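Protein chains in written order, with our numbering: chain D, 1 to 315; chain Y, 1 to 282.
The set of hints was computed from the structure by calculation and includes no laboratory data. All values derive from a computational prediction rather than experimental measurement. Don't take each hint at face value.
As the list claims (entries may be wrong) - Using C-beta positions, here's what the derived DEER-type ranges look like: (1) Y:Gly109 - D:Val195: 29 to 35 Å; (2) D:His249 - Y:Lys30: 23 to 29 Å; (3) D:Glu102 - Y:Lys256: 17 to 23 Å; (4) D:Glu102 - Y:His200: 32 to 38 Å; (5) Y:His200 - D:Ala169: 55 to 61 Å; (6) Y:Pro232 - D:Asp87: 37 to 43 Å; (7) D:Val195 - Y:Ile257: 53 to 59 Å; (8) Y:Lys30 - D:Ala55: 51 to 57 Å; (9) Y:Leu243 - D:Asp66: 41 to 47 Å; (10) Y:Ile39 - D:Ala212: 22 to 28 Å; (11) D:Asp66 - Y:Lys235: 46 to 52 Å; (12) D:His137 - Y:Lys30: 47 to 53 Å.
Stated by the list, open to error - Taking lysine-lysine pairs in the DSS-like style, the calculated list, with each CA pair at most 30 Å apart, reads: (13) Y:Lys269 - Y:Lys235; (14) Y:Lys77 - Y:Lys29; (15) Y:Lys219 - D:Lys63; (16) Y:Lys77 - Y:Lys87; (17) Y:Lys256 - D:Lys208; (18) Y:Lys29 - Y:Lys219; (19) Y:Lys77 - Y:Lys30; (20) Y:Lys29 - D:Lys63; (21) D:Lys287 - D:Lys208; (22) D:Lys2 - D:Lys63; (23) Y:Lys219 - Y:Lys235; (24) Y:Lys29 - D:Lys208; (25) Y:Lys235 - Y:Lys256; (26) D:Lys2 - Y:Lys77; (27) D:Lys256 - D:Lys287.
By construction, the Cβ of each residue, glycine as well, lies at the ideal position given by its N, Cα and C atoms.
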Amino acid sequence: MKPFGLQAPPRRAPARIASTADLRSLQRLMTRALVRPLTADDGLQPRWVDGRPMAEVAAEFIKPNDRLTSFDRLEIYGRMYWFRLLDAVRDDCPGLRALLGERAFDGLAQAYLATYPSRSFTLRDLCSRLERFVAEHPRLTAPRTALAREIARFEWAQTVAFDGPSRPALTLAQFGAVSPSRLRLGLQPYLTLLVLEHPLDDWVIAVKRRNALRGAASQAIAAEAGGTRRLRRPAPPRRGRIRLAVHRHQNNLFYKRLEPAAFRILCALRDGATLSRAIAAGGRGAKPELVRSWFASWQALGWFCRWQPPVAPSL
Amino acid sequence: MPANPFNGQTDYGIGIGLRVPHYAHILAKKPVVDWFEIISENFMVDGGRPLEILDQILEQYRVVQHGVSLYFGSADKPDRTHLRRLKALVKRTNTPWLSDHLCWGSVDGTYTHDLLPVPYTMAAARRTAEKIRQVRDFVGVPICVENVSSYAEYHASEMTEWEFLSEVVERADCGILLDVNNIYVSSRNHGFDPYEYLNHLPHHRVGQMHVAGHTRFEKYTLDTHDHPVLDPVWKLYAHATKLCGVTATLLEWDDKIPSFDEVHHEALKANQFIDGARQAVG
Numbered sequence: 001m002k003p004f005g006l007q008a009p010p011r012r013a014p015a016r017i018a019s020t021a022d023l024r025s026l027q028r029l030m031t032r033a034l035v036r037p038l039t040a041d042d043g044l045q046p047r048w049v050d051g052r053p054m055a056e057v058a059a060e061f062i063k064p065n066d067r068l069t070s071f072d073r074l075e076i077y078g079r080m081y082w083f084r085l086l087d088a089v090r091d092d093c094p095g096l097r098a099l100l101g102e103r104a105f106d107g108l109a110q111a112y113l114a115t116y117p118s119r120s121f122t123l124r125d126l127c128s129r130l131e132r133f134v135a136e137h138p139r140l141t142a143p144r145t146a147l148a149r150e151i152a153r154f155e156w157a158q159t160v161a162f163d164g165p166s167r168p169a170l171t172l173a174q175f176g177a178v179s180p181s182r183l184r185l186g187l188q189p190y191l192t193l194l195v196l197e198h199p200l201d202d203w204v205i206a207v208k209r210r211n212a213l214r215g216a217a218s219q220a221i222a223a224e225a226g227g228t229r230r231l232r233r234p235a236p237p238r239r240g241r242i243r244l245a246v247h248r249h250q251n252n253l254f255y256k257r258l259e260p261a262a263f264r265i266l267c268a269l270r271d272g273a274t275l276s277r278a279i280a281a282g283g284r285g286a287k288p289e290l291v292r293s294w295f296a297s298w299q300a301l302g303w304f305c306r307w308q309p310p311v312a313p314s315l
Numbered sequence: 001m002p003a004n005p006f007n008g009q010t011d012y013g014i015g016i017g018l019r020v021p022h023y024a025h026i027l028a029k030k031p032v033v034d035w036f037e038i039i040s041e042n043f044m045v046d047g048g049r050p051l052e053i054l055d056q057i058l059e060q061y062r063v064v065q066h067g068v069s070l071y072f073g074s075a076d077k078p079d080r081t082h083l084r085r086l087k088a089l090v091k092r093t094n095t096p097w098l099s100d101h102l103c104w105g106s107v108d109g110t111y112t113h114d115l116l117p118v119p120y121t122m123a124a125a126r127r128t129a130e131k132i133r134q135v136r137d138f139v140g141v142p143i144c145v146e147n148v149s150s151y152a153e154y155h156a157s158e159m160t161e162w163e164f165l166s167e168v169v170e171r172a173d174c175g176i177l178l179d180v181n182n183i184y185v186s187s188r189n190h191g192f193d194p195y196e197y198l199n200h201l202p203h204h205r206v207g208q209m210h211v212a213g214h215t216r217f218e219k220y221t222l223d224t225h226d227h228p229v230l231d232p233v234w235k236l237y238a239h240a241t242k243l244c245g246v247t248a249t250l251l252e253w254d255d256k257i258p259s260f261d262e263v264h265h266e267a268l269k270a271n272q273f274i275d276g277a278r279q280a281v282g
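The shape of chain D in the complex, shown without the other chains (with noise of 0.2 Å):
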């Protein structure tokens, strides 16, 4: 499969870079023979997608040296590639690698970074895509893909609320003067609403205390006895619908549970609904005292700016 946004290498490597046009050419070449998988020894694929030698096709371009060949020089980027970028997709998905066990998430996120490879000049962006690529490949999560996506989706509100753009957030003063009718309200950028057939919030938590557990204790057994203990994967969780706010207050992570009619409520004004269809979209559930301190609470968290039209997010 050819992976996303990559354009297809030149057949040959060029001779000379006479031209702005023979380094792209060369670049076209180099970037698909790094974003190849390594083989299990990490080691880069012994074949081309032309199935030629990859030795020969490396040396087409790659001086070789008194100690490594041109193949082993390049088997280098190729090794520094794949290990920056597992090791960011690692850092992002402690639920994920949780529930999957390490082998099968290393298979997951190999495949996936072969599949879409970065379109963003940071790897903070670099997961953007997981939840769509499962969705896609269920047979690499199978049994529990349905949970691996929404562990996926909730990863990733958490890389948006830790440093996605924020606007200026409305006082009540400002938007009450306005007839409920005619009203919108916007919810900041940062914010993500979920729905979530698991309660995943108590269940990342307790993984994330778990894995910081087994780093202080790895390193207690590997000073004492020079090596290192295999602790039991955490229990999946348990299933239990529940309605999240994904947000961050004082620049501090935070999952605020909500109850159904408030959840309902913010995805009306999210999705644009005037304040009054926003609460009517409530339902029965949002008894006027309620509705009061809902939004005075998100009001004092800062949850309200300006109401926008969506951006379509890029892929």
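Starting from the known structure of chain D, fit chain Y onto it as the hints suggest.
Just chain Y now, with coordinates in the frame of chain D:
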């Protein structure tokens, strides 16, 4: 030549890289440090904790921006959205100069997140210099380009790395961030004399220097930034300061990061060699 057009006519001393494990120490203890180098991309975000930390650092310290994703040597045009983000950060930090690498790392919008060597040809030098000028004109601060460590050479190359670096910076009329450790690492991997490299550079264009630790394996040497600077690199640094003058210097330590005090202590070792250069001049 401590102050020159390529470092904004500043006379900074010895700095260290601002890294997450040291945030709490720096903000609580406020240690005396000449300046911090930040990785621009870590703060080219839209909000949240990273910018809050940066603003607190800026209240106390001088900060210089160092980037890892401009990829001057890529065939792709500079990305305007990226440059706008970078310019916004430049306004925030008031960095007197901006540095990034003489390398490529992306093509057709796909990023490798690596610093890959450019083929050393005139066409590549022209393209690279053109992009440096475009970036400088957009962000409005002097630019220094850093030589990278490399593990491969191309058949297509027509000149040495130092000839290529000189060609690029002369064409772009920009500065050099001279990474002494990278010269050493590449000299081990490609079998050239690192002193010959240093001797042939346009020394008046050096606006900043880097030192760092590396790791030697049986068949190659890696630029690992995970332990103290090794003696051959300090010797090379001493030679560089004699040629270029006492220049703003930064220690890079990016992996297995020890305490702030240990990193700072390692960086301050540069003073020994700077004093030698001053005596040689004086």
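Okay, the hints, checked on the actual structure:
no., hint, in the structure
1, Y:Gly109 - D:Val195: 29 to 35 Å, "holds (33 Å)"
2, D:His249 - Y:Lys30: 23 to 29 Å, "holds (27 Å)"
3, D:Glu102 - Y:Lys256: 17 to 23 Å, "holds (22 Å)"
4, D:Glu102 - Y:His200: 32 to 38 Å, "violated (49 Å)"
5, Y:His200 - D:Ala169: 55 to 61 Å, "holds (57 Å)"
6, Y:Pro232 - D:Asp87: 37 to 43 Å, "violated (29 Å)"
7, D:Val195 - Y:Ile257: 53 to 59 Å, "violated (40 Å)"
8, Y:Lys30 - D:Ala55: 51 to 57 Å, "holds (55 Å)"
9, Y:Leu243 - D:Asp66: 41 to 47 Å, "violated (30 Å)"
10, Y:Ile39 - D:Ala212: 22 to 28 Å, "holds (25 Å)"
11, D:Asp66 - Y:Lys235: 46 to 52 Å, "violated (25 Å)"
12, D:His137 - Y:Lys30: 47 to 53 Å, "holds (50 Å)"
13, Y:Lys269 - Y:Lys235, "holds (12 Å)"
14, Y:Lys77 - Y:Lys29, "violated (43 Å)"
15, Y:Lys219 - D:Lys63, "holds (15 Å)"
16, Y:Lys77 - Y:Lys87, "holds (17 Å)"
17, Y:Lys256 - D:Lys208, "holds (21 Å)"
18, Y:Lys29 - Y:Lys219, "violated (43 Å)"
19, Y:Lys77 - Y:Lys30, "violated (41 Å)"
20, Y:Lys29 - D:Lys63, "violated (50 Å)"
21, D:Lys287 - D:Lys208, "violated (37 Å)"
22, D:Lys2 - D:Lys63, "holds (27 Å)"
23, Y:Lys219 - Y:Lys235, "holds (23 Å)"
24, Y:Lys29 - D:Lys208, "holds (29 Å)"
25, Y:Lys235 - Y:Lys256, "holds (24 Å)"
26, D:Lys2 - Y:Lys77, "holds (24 Å)"
27, D:Lys256 - D:Lys287, "holds (20 Å)"
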